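Kindly generate the complete structure, drawing on both the sequences and the hints.
Sequences listed follow chains Y and X, in order.
Note that this note's numbering gives residue 402 to position 282 of the first sequence, counting from 1, and the numbers run on in steps of one.
Note that this note's numbering gives residue 362 to position 242 of the second sequence, counting from 1, and the numbers run on in steps of one.
It should be emphasised that the hints constitute simulated quantities derived from the structure, not laboratory data.
There may be inaccurate statements among the hints.
Same chains, same label: a pair holds when it works inside one copy or across any pair of copies.
[Claimed, not checked] The calculated lysine-lysine pairs, modelled on DSSO-like cross-linking and capped at a C-alpha distance of 30 Å, are:
no. : residue 1 : residue 2
1   : K246      : K449
2   : K361      : K438
3   : K435      : K328
4   : K237      : K220
5   : K391      : K147
6   : K246      : K220
7   : K139      : K438
8   : K430      : K328
9   : K147      : K328
10  : K435      : K449
11  : K506      : K430
This structure is a prediction, so every number in the text was calculated from the model and none was measured.
Number of protein chains: 2
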Amino acid sequence: MLIVQKYGGTSVADLERIKNVAKRIIKYREEDNYIVVVVSAMAGETDRLLNMAHSINSIPDEREIDVLISTGEQVVSALLAMTLKTMFCDAISLLGYQAKIITDSSYTNARISRIEKNHIMSELNKGKVVVVPGFQGVDEEGNITTLGRGGSDTSAVALAASLGADLCEIYTDVDGVYTADPNICDKSRRLDKISYEEMLEMASLGAKVLQIRSVEFAARYNVPILVKSSFIDGGGTLVCKEVSDMEKMEVTGVTYNKNEVKITVTGVPDKPGIAAHLFGALSDAHIVVDVIVQNVSRDNLADISFTVAKTDGRKAFKVMEDAVRALGKGSVSINEDIAKVSIVGLGMRSHFGVASKMFSVLSEEGINIMAITTSEIKISCVVEKKYGELAVRVLHSTFGLDSEAVIEEK
Amino acid sequence: MLIVQKYGGTSVADLERIKNVAKRIIKYREEDNYIVVVVSAMAGETDRLLNMAHSINSIPDEREIDVLISTGEQVVSALLAMTLKTMFCDAISLLGYQAKIITDSSYTNARISRIEKNHIMSELNKGKVVVVPGFQGVDEEGNITTLGRGGSDTSAVALAASLGADLCEIYTDVDGVYTADPNICDKSRRLDKISYEEMLEMASLGAKVLQIRSVEFAARYNVPILVKSSFIDGGGTLVCKEVSDMEKMEVTGVTYNKNEVKITVTGVPDKPGIAAHLFGALSDAHIVVDVIVQNVSRDNLADISFTVAKTDGRKAFKVMEDAVRALGKGSVSINEDIAKVSIVGLGMRSHFGVASKMFSVLSEEGINIMAITTSEIKISCVVEKKYGELAVRVLHSTFGLDSEAVIEEK
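What follows is the structure in structure tokens.
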């Protein structure tokens, strides 16, 4: 098998952990697998380098940022390759320009355009483990680029796709994808399998296991991803194409996001073009809007609520104040005490009544729903923040995800 | 003018110093000079990285060492380029593979074979300051190589030669080349000019201002080097071709080296092939021998003394014991309490009696000379270590180098 393994920052945080990673690689290598390893920078290193850049200038030159921060992964690549050689496993590091990971020229947030696999394949065919720094590439002119936060996941999946790997393993500090955040719901279970679509929704809703772009990439090229812990053996969640045995459950997971705020615009004229006026202003300010609710009109006046990331909250409020002033009517309020609780599952497509079940169980607990948004495989409800964690646990239990319930079904 | 400026590790040790370096560069740039800057890693960084490698393995893979340690200069290149841009001076960093500094494949100790100057020239012609990490290059296959300790000096001189620069400025923590180490001789003076040949001898004898290879390179391509302090304005020593005004003095400088030990082989058969036997054994063990003295033979037995670097002392002693055992006759002793005091000067070629003047003044001070070695422009004497610093001061005064003496001559 040809396997791409990616190790995150906590898995390579010091020389002892790098040695453990090397041992794991050697185990796979001894089973006659071809191995390409993608590494992150040591935990904290990218931030250390960025802090230096930002103490020079609040907006440092982006080309030079990439030259600077790409060294974090370069250091780990060299250390891992020399550790492997010390343990009698032939290995070689290939940096972005050597592995020919070609990107566009959007410094600090580049996209991979292609990978010329010949150099990597020729080293693999010599029996070497190839270690590639994640997160980095080069543009057509040979300038160093980086792929944005979490970009090493994307590097790994892109390499797996371009090399035609049998599997892309992502090693991280959790042992897989859970039905809910175990810190909130102690009955949450690790999923053995999850589809790309569900994983994308979960990632968008705040599950931090995989970078969204890497899942999109994997789905497009049909690269199976196995998410595993680098500290515990076994376990893991396979992220792959939808298969029939996934559809037994209505709901695959429950997610929770308390990093949004709700902004409400009250009493604006209810006429065509109002929504376009308000959301156009937000878009011009580069603010991404999540859930939107427009209330039923009364007296030809409308109320519109929407949520945005907490970091954009104050800015969005200001933009709305200006927009409402331009309309000459209405007022703006902001509510920071909200949480978004979502259920995700391919099963929704074939099971009726999932939404009404969700709404009624929340209602039974006395939890008021402030806004709702849905997609084909997801339903999100905005609730008061103080009820957020309770809502997660109730939904997790209602949709049969609790670990005891599963044991009973056997 | 096209100027190559090189800044050492102490000159770029933190962001404040990098800012000072940027200010200096901008001053030169505003005078319409084209500037290529070569930077070292922050002081201590290369050692920090090497320590990590050596805690993995006492002899880590050399290719990966170069991948690892080249990041030190890469970080400073990016930080300096972004600092320059912040100060409204257009700049770009070009790494070894981008600046096309091509070397052989001798990892950790590579030699520059050529520099393809087009990329650098095109950025200079756009009005940019080009920042190049010193110490690193790439081989013909694109593998990262490094040039050995102090290699950034060589990078700077090689760039100056290949770009046809008017001047190569080496900024360091001292303001030039001195007639003697100011820590030993408080009457030492900074030289305004020194020839390549003298600088080579001084560097070989322990003056640490410039790396020997960089001086050889400069001499071969006739690149004038100006050694300056990055902390003090003005001053500096120009290292250049021999010119007539250099020859007024018999001696240009006095050097002192206490990092050698003397090994004496006593009572070996005085017949052809003995020296070849002994020094062949040292050469096989990769030990470099410095001063050699063979005593007059008595009873067909010879005594041979030589000095080696202190770090090779014990190893050389062991090699000599084995060699003497093979001869079946003789004994070996080691003396660690020695120092080598040397005088250097092109003037020796045209002034008679320099050597006898040196020997007699040492004798007048009661300093016994244990061994002597000479070249066309240098005389070295090995003396007891306790007299070493005294010898430097006496010679400095005798050959008219004391700062007061110079003032009196005016």
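Do the hints match the structure? See the list:
no.	hint	in the structure
1	K246 with K449	neither (72 Å within a copy, 53 Å between copies)
2	K361 with K438	neither (43 Å within a copy, 68 Å between copies)
3	K435 with K328	within (25 Å within a copy, 57 Å between copies)
4	K237 with K220	both (7 Å within a copy, 23 Å between copies)
5	K391 with K147	neither (66 Å within a copy, 61 Å between copies)
6	K246 with K220	both (18 Å within a copy, 27 Å between copies)
7	K139 with K438	neither (51 Å within a copy, 37 Å between copies)
8	K430 with K328	within (17 Å within a copy, 57 Å between copies)
9	K147 with K328	within (28 Å within a copy, 48 Å between copies)
10	K435 with K449	within (20 Å within a copy, 91 Å between copies)
11	K506 with K430	within (16 Å within a copy, 72 Å between copies)
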